[in-house]
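Asks: Sequence:
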Amino acid sequence: MSLDKHQKKLMNADISLITRLQQRIFHQAQYWLIVKGWLFILIGFLLGRAVILTMVSPFAVAFLATMWMMDKGKGKKVLFATVLGGLTYSVEQGLWLSLVMVIFLFLFHTLQSLRVQWKLPMIVFASTITSRIIQYTLTSELTTYEWMLLGVEGVLAVILVLLFMQSIPIIEPDRYRPALKNEEIICMIILIASILTGTIGWAIFNASMEQILARYFVLIFSYVGGAAIGSTVGVVVGLILSLANVANIYQMGLLAFSGLLGGLLKEGKKVGVSVGLIVGTFLVDMYGGSSTWLQSMTESILAIGLFWITPVTFLQQLAKYIPGTEAYMKDQRQYLQKVRDVTARRVEQFSQVFGALSKSFSETEIVPLGEEQQRQETDFFLSQVTERTCQRCFMKEHCWKNNFQRTYSTMEEMKDQLASRKQINLQLKREFENICVRSNKVIDVMKEEMSFFDINQKLKQQMIESKQIVADQLQGVSDIMDDFAKEIVQERKYHEKQEIEILLALEKLGLEIIKLDIFRLDKGNVDIDLTLSVYDYHGEGPKLIAPLLSDLLNELIVVHEEKLSPYPNGYCYLSFRSAKEYVIKTGIATAAKDGGFISGDSFTMMELGTGKFAMAISDGMGNGERAREESEETLRLLQQILQTGIAEKVAIKTINSILALRSTDEIFATLDLVVVNLHNAYARFLKIGSSPSIVKRGNEIFQVEGHNLPIGIIQEVDVDIVTKQLKVGDLLIMMSDGLLDGLIYVTNADLWIRRKLREIQTDHPQEIADLLLEEVIRERSGVIEDDMTVLVAKVMKNTPEWATIPFYGERAQ
Numbered sequence: 001m002s003l004d005k006h007q008k009k010l011m012n013a014d015i016s017l018i019t020r021l022q023q024r025i026f027h028q029a030q031y032w033l034i035v036k037g038w039l040f041i042l043i044g045f046l047l048g049r050a051v052i053l054t055m056v057s058p059f060a061v062a063f064l065a066t067m068w069m070m071d072k073g074k075g076k077k078v079l080f081a082t083v084l085g086g087l088t089y090s091v092e093q094g095l096w097l098s099l100v101m102v103i104f105l106f107l108f109h110t111l112q113s114l115r116v117q118w119k120l121p122m123i124v125f126a127s128t129i130t131s132r133i134i135q136y137t138l139t140s141e142l143t144t145y146e147w148m149l150l151g152v153e154g155v156l157a158v159i160l161v162l163l164f165m166q167s168i169p170i171i172e173p174d175r176y177r178p179a180l181k182n183e184e185i186i187c188m189i190i191l192i193a194s195i196l197t198g199t200i201g202w203a204i205f206n207a208s209m210e211q212i213l214a215r216y217f218v219l220i221f222s223y224v225g226g227a228a229i230g231s232t233v234g235v236v237v238g239l240i241l242s243l244a245n246v247a248n249i250y251q252m253g254l255l256a257f258s259g260l261l262g263g264l265l266k267e268g269k270k271v272g273v274s275v276g277l278i279v280g281t282f283l284v285d286m287y288g289g290s291s292t293w294l295q296s297m298t299e300s301i302l303a304i305g306l307f308w309i310t311p312v313t314f315l316q317q318l319a320k321y322i323p324g325t326e327a328y329m330k331d332q333r334q335y336l337q338k339v340r341d342v343t344a345r346r347v348e349q350f351s352q353v354f355g356a357l358s359k360s361f362s363e364t365e366i367v368p369l370g371e372e373q374q375r376q377e378t379d380f381f382l383s384q385v386t387e388r389t390c391q392r393c394f395m396k397e398h399c400w401k402n403n404f405q406r407t408y409s410t411m412e413e414m415k416d417q418l419a420s421r422k423q424i425n426l427q428l429k430r431e432f433e434n435i436c437v438r439s440n441k442v443i444d445v446m447k448e449e450m451s452f453f454d455i456n457q458k459l460k461q462q463m464i465e466s467k468q469i470v471a472d473q474l475q476g477v478s479d480i481m482d483d484f485a486k487e488i489v490q491e492r493k494y495h496e497k498q499e500i501e502i503l504l505a506l507e508k509l510g511l512e513i514i515k516l517d518i519f520r521l522d523k524g525n526v527d528i529d530l531t532l533s534v535y536d537y538h539g540e541g542p543k544l545i546a547p548l549l550s551d552l553l554n555e556l557i558v559v560h561e562e563k564l565s566p567y568p569n570g571y572c573y574l575s576f577r578s579a580k581e582y583v584i585k586t587g588i589a590t591a592a593k594d595g596g597f598i599s600g601d602s603f604t605m606m607e608l609g610t611g612k613f614a615m616a617i618s619d620g621m622g623n624g625e626r627a628r629e630e631s632e633e634t635l636r637l638l639q640q641i642l643q644t645g646i647a648e649k650v651a652i653k654t655i656n657s658i659l660a661l662r663s664t665d666e667i668f669a670t671l672d673l674v675v676v677n678l679h680n681a682y683a684r685f686l687k688i689g690s691s692p693s694i695v696k697r698g699n700e701i702f703q704v705e706g707h708n709l710p711i712g713i714i715q716e717v718d719v720d721i722v723t724k725q726l727k728v729g730d731l732l733i734m735m736s737d738g739l740l741d742g743l744i745y746v747t748n749a750d751l752w753i754r755r756k757l758r759e760i761q762t763d764h765p766q767e768i769a770d771l772l773l774e775e776v777i778r779e780r781s782g783v784i785e786d787d788m789t790v791l792v793a794k795v796m797k798n799t800p801e802w803a804t805i806p807f808y809g810e811r812a813q
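Start counting the sequence shown at 1; every next residue gets the next number (UniProt numbering).
When the alpha-carbon atoms are kept at most 25 Å apart in a straight line, the in silico DSS-like pairs for lysine-lysine are as follows:
hint : residue 1 : residue 2
1    : Lys612    : Lys523
2    : Lys585    : Lys727
3    : Lys515    : Lys563
4    : Lys724    : Lys612
5    : Lys515    : Lys543
6    : Lys460    : Lys415
7    : Lys441    : Lys401
8    : Lys585    : Lys543
9    : Lys508    : Lys181
10   : Lys415    : Lys441
11   : Lys119    : Lys77
Because the hints were derived from the structure by calculation, they are not lab data.
Using the sequences and the hints, build the whole thing.
Replies: This is how it looks when you write it as structure tokens:
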């Protein structure tokens, strides 16, 4: 029994090793063939040999033109490979390809500045026609048949350029695409068939190489895409091969029928698809009465052999890009479900861990000591005192044995007076002198021990307060992670009516929509993703789609993110979100002490992910480099903590604890923080040792101030939050303390600032900041005694860049 288990383990290990080896080979092949470009070189070589109708070769110039436009680095290698392939076919083919390449490059670089949609197809057409005319003129006369052939060749080259422009980008691994469309699959098949044309004339075991590879690709696409894709591949490949060699005309029926049978039998996996090809080959050869049925069967068997050695991982990877296939749907469902569930589960676990840690820290509370604990603390204190005084006294037995109660109660009362009033009254002192012969010594020791006792109590208090700060921080992280987990778990709502309405409206604008995902339509929380196909993107997202969505959803919608395809007629990914109702325009003016370059003041302005805008000024202690470091460190910590979503109050307490504990030096910094909600212009002011802020609304001026100590001075900072509703046009002025402290000749600095603000005519934030700082410096006769910073912010209504586009269709309810 144990031997069987051991054999199974070895077998599973071997299978796992083979799978990893296959994946490694696949990734290495992808790197060398696609990233390094060897696949394109091989394709160019084979297309240089591809000739149809005995003398028509439109494939090479079309492929080179497409590669030259998309990647000139690879295009240069493709050029030489194409000419080399033509030379292996015939010297005349190689010379003609060289001529057409030279003409193409000349026209391409000459007309490079021309901005015309059909520029590349026109250049390809002109290059093909011109080169053939030169060739026919030098070798023979231009007959009507030759004129017809060169016209057909030019038209085919133009068509192939358009086809290759859609099929070649599919090969690139780092290209955004949701899935392959049917048109792209057909273009890819035509590219494959064109490549197979270049293998005509090659044989193995008397079997034609192009037929082996053609049947091999029919097997692959039948296995991956089913009967529809398999038969389509058979028809297209057979048609192109029959144009290259008329003897292959019956192969079109064989490939199409085999693709149909293989697709119908795909439930039997590789065996069923292989049987379909064998049956199709046998029936078509018997019906056609072909004398080469043995050669045809050999070609099918060799194709099946290639098919069987093709890694299943490659076939599964290919199936994921074919819409409608089981692998595609299964992969999409599994991936989304797995990512959502795993992420939500891990986030919930972390949230629970942080919540439990917060609860364990917050359980430590300041509980009033009971009578028994107070007695124990008193006993401990008196034991420390008596150990240093009474143990060596000759009156020890008299005091503590014969008069214990009197001695204890008196010393206890003395301890209470020292704890409350820091001294012992004269009456109690005289009473103790009557008891103790060394009263002065005992009182001195008691005062020393009381200082240690006070320090111990303060340390306990600080420990409790520090634990509470940590508990608040952990609870803030827990709440954020819990909310995030709920957002992940929440099922994406399917808004069918709104989706139909949006699709109809966008189609009326002439846009080709590939994919539309509506995640949320809550007021102020719209989340829509869109994938569309455009030939040349000209900002349709912000100019057309966002204004139309704004009208449909009755709120301002803007483009949050866009990913544009680097290729013409590619896919564009656009993400739309709700715009904020208000925007903040800011201005800043600073001056260092004595006109220096380094100011101890620092400032920051940041937009938080929760639709809030934060502005802060921090003033480090003193001036110069050290003060600059303290203020910058304060704002850096503030920015990092606020951007995680932690509440402002908890964030400031966290910064205070960090600054207070990280160094033994007496360092501190002030902090003036304002957080404005961009949805309703509701402002929260948090002032830690900073100067008052001013709100100017027309001719009215309001002052906002706080009375907290600077950050880093004490362990527990008391954060007072002042809230105020701002309006459109309000000006918010924040200042460091250096701005007002040096106004020597001004009796009331607050009134002086108010008067100056009323006198300023402009409402531009930067101009106000500059003028206010200039007025202060003038008032000081040009002397800058301290670092000064002025931050001015203006609340403005968010006006969209583009007007909404009305939709006159039926509205979704």
